[in-house]
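A.B. asks: Taking the hints into account, I'd like the entire structure generated from these sequences.
Chains as they are written, first to last, in the working numbering: chain A, 28 to 220; chain B, 152 to 413; chain C, 90 to 295.
These aren't lab readings, by the way, just hints derived from the structure by calculation. Treat the hints with care, since some could be wrong.
[Said to hold, decoys possible] Incomplete in silico selection of chain C near chain A, CB under 10 Å: (1) Arg155; (2) Val164; (3) Ser170; (4) Lys181.
Each residue gets a CB set at the ideal place from its N, CA and C atoms; glycine is no exception.
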Amino acid sequence: MTQTWRDLWFMLVLTTICTILLVVVEGIYQTRMATDPSLMRRALQLVGLPLGEDVRSTFEQTFTTVARKEYPGSFFIGKQNPAMIIRQEEGAGLWGKIILLVAYDLRRGAILGIDVLEHSETPGLGARIEEEKFRAQFRGLIARHGVRAAKIKFKEGEFDGVTGATLTSKAVEEIINAAIRKIKTVAGPGGTP
Amino acid sequence: MKNSFLLTLLAGLICGLGPGAPCLLANTPTMPITPPITAPASVISTPTSATPAPATSSHVTPGPFAIDDPMRLLVIFFASVLTNNIALAYFIGMCAFLALSKNTKVAFGMGAAVTFVTGLTAMANWLLNHFVLVPLGLESFQFLVFILTIATIVQFLELFIDRYFPPLYEAFGIFLPLITVNCTVLGTSLFMVLRQYRFWEATVFSFATGLGWMLAILLLAGLRHHLPFCRPPRYLGEIGTALLLAGLMAMAFNGFSGMVKL
Amino acid sequence: MSLTNTQAWKVFAEGLWKNNPIFIMVLGICSSLAVTTFVKNAFVMYLGVAFATVFTSAIVAAIRKRIPATYRMLVFMMITSTLVIVFDRLLKLTLPAVSKEMGPYVGLIITNCIVMGRSEAFAMSNTPWLSALDGLGVSTGYGLVLLAIAVLREVFGMGTLLGTPVMPGGYQRCGLLISAPGAFLCLTVLLFLANFIREARGEGKK
Numbered sequence: 028m029t030q031t032w033r034d035l036w037f038m039l040v041l042t043t044i045c046t047i048l049l050v051v052v053e054g055i056y057q058t059r060m061a062t063d064p065s066l067m068r069r070a071l072q073l074v075g076l077p078l079g080e081d082v083r084s085t086f087e088q089t090f091t092t093v094a095r096k097e098y099p100g101s102f103f104i105g106k107q108n109p110a111m112i113i114r115q116e117e118g119a120g121l122w123g124k125i126i127l128l129v130a131y132d133l134r135r136g137a138i139l140g141i142d143v144l145e146h147s148e149t150p151g152l153g154a155r156i157e158e159e160k161f162r163a164q165f166r167g168l169i170a171r172h173g174v175r176a177a178k179i180k181f182k183e184g185e186f187d188g189v190t191g192a193t194l195t196s197k198a199v200e201e202i203i204n205a206a207i208r209k210i211k212t213v214a215g216p217g218g219t220p
Numbered sequence: 152m153k154n155s156f157l158l159t160l161l162a163g164l165i166c167g168l169g170p171g172a173p174c175l176l177a178n179t180p181t182m183p184i185t186p187p188i189t190a191p192a193s194v195i196s197t198p199t200s201a202t203p204a205p206a207t208s209s210h211v212t213p214g215p216f217a218i219d220d221p222m223r224l225l226v227i228f229f230a231s232v233l234t235n236n237i238a239l240a241y242f243i244g245m246c247a248f249l250a251l252s253k254n255t256k257v258a259f260g261m262g263a264a265v266t267f268v269t270g271l272t273a274m275a276n277w278l279l280n281h282f283v284l285v286p287l288g289l290e291s292f293q294f295l296v297f298i299l300t301i302a303t304i305v306q307f308l309e310l311f312i313d314r315y316f317p318p319l320y321e322a323f324g325i326f327l328p329l330i331t332v333n334c335t336v337l338g339t340s341l342f343m344v345l346r347q348y349r350f351w352e353a354t355v356f357s358f359a360t361g362l363g364w365m366l367a368i369l370l371l372a373g374l375r376h377h378l379p380f381c382r383p384p385r386y387l388g389e390i391g392t393a394l395l396l397a398g399l400m401a402m403a404f405n406g407f408s409g410m411v412k413l
Numbered sequence: 090m091s092l093t094n095t096q097a098w099k100v101f102a103e104g105l106w107k108n109n110p111i112f113i114m115v116l117g118i119c120s121s122l123a124v125t126t127f128v129k130n131a132f133v134m135y136l137g138v139a140f141a142t143v144f145t146s147a148i149v150a151a152i153r154k155r156i157p158a159t160y161r162m163l164v165f166m167m168i169t170s171t172l173v174i175v176f177d178r179l180l181k182l183t184l185p186a187v188s189k190e191m192g193p194y195v196g197l198i199i200t201n202c203i204v205m206g207r208s209e210a211f212a213m214s215n216t217p218w219l220s221a222l223d224g225l226g227v228s229t230g231y232g233l234v235l236l237a238i239a240v241l242r243e244v245f246g247m248g249t250l251l252g253t254p255v256m257p258g259g260y261q262r263c264g265l266l267i268s269a270p271g272a273f274l275c276l277t278v279l280l281f282l283a284n285f286i287r288e289a290r291g292e293g294k295k
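C.D. replies: Below, the structure written as structure tokens:
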């Protein structure tokens, strides 16, 4: 009987120590991850702002980071111009996850720019979403109701997909639309956060 | 085994018809991963929808139990058994793969046990991950929780089978304790989380992975069965020969690539 | 008394060759095949396994008299998985790209038979200091084989070493070595060589 109790105590203590250690490690990890300087640099470059001497302090002066419980990940909302919101959004591509950074201007209903943080699409085809030529067409694209990949553009929010990579273009379209949808909910019905 | 698989498929159909129906009708392939053959079909069908931007209107996010693309389940099944065979393409579960493939009977027992346990634990781990770990933000405990679930389920299964199905226990009971440290089981759970499968996808994936492992170990055991009739180089040793055979099998399985893609 | 005569050195050196986990004990094959397409990944894997093995062995040895015999597997697994999670987080912070390439194989260190094998076979009956050394020796033996496979595969399969091109221009890359079957073949060749050397030195096969 005493042996059983001793075993039980041992397991309890061990579990507690493991849990405490993990919680501490996870805490450190989360604070470090939330302030990834390379992400800050890309976010600043995306909206065409100067990096300044220290990327981190420039970023903190320009944006406030907001988290929403229903959507994992953060929103970066402009301090000077609260209609400018950047969202990191991910979705399934053809071969793997695609992660985009989408900057959106709520007042004009326009995309300010997109950046491809990560993808594993076919080199030479789907991978061309990384190219400046593809990304440039989103700069200033009016997209009040989202975007759509199209062969001939005659409506608002339509963009040229990558030739020969229809599924990748479709995935990019969905990720951008999801980002815009979430940005709009953060802003609330009034249009400003 | 057979019964549970049928039940899985049946329940999947019922669950998928409920929340999954709007997605089928909405004509938007939420998952762009489809086999190459069906790709032109989706290309033709998508631009015909009249409304300009389906950003807010038709965005029905399918629930975790929905099957919005039954074809995808089939693709996952074939990919995990053949093209992305867990033993031959990902090298997971190698220790048992080499150690227990001397004899087809043992290989079959181990394969069946692994298939069963992989399927069960992946389902349990998916539910735990989706309803406990993710909502509480405890993703960092995934490794720990998964391995404990596996150990618990294996222990429980051993008792259960021993008590109620003694013939089954005699057939593959001795393999159960070995499975806790078999990488296939944990590897499947980790891949499932990494690839963000929904519930039925994860279920099909895990059972198919187990089946793929069983296929590989059975084939290897069959090949090793014939080794006494030939003379492999002496310095290769038993394990070296098995590795060489596994390499040749991996080459043969490479021939399946391009058939389906995961 | 030279360094090579101490007991500590003997424990350490045992794992390098005489008791090499891959050649002799045939443990931890999964990761040795999966992460060896690049030397960098193989080295990170070695670090991870060494970290997990050394600390698990040391901790298990330190509390070996208190570990309940019936739950000892559970205890090993808990310690190992905690350490592996810590390593995974460290890797994600310092080398996010490598961590992504390794995918689930970092998590699979938990079920790497080397870690549990050493806890069970050595740490349960030895002092923490010796157990840590034994863990280091075994994982270094494992790491050396890993690096050998990785060098073979990266140099001949990609024509690079640690990302810098080393082969002469116009070298036709051997795609087979990078693909899955190449991993099996590389390990087979190494196993063959190891057995050959062992026999030539008269150590005999075990």
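A.B. asks: Check each numbered hint against the structure and report the violated ones by number, ascending.
C.D. replies: Every hint satisfied by this model.
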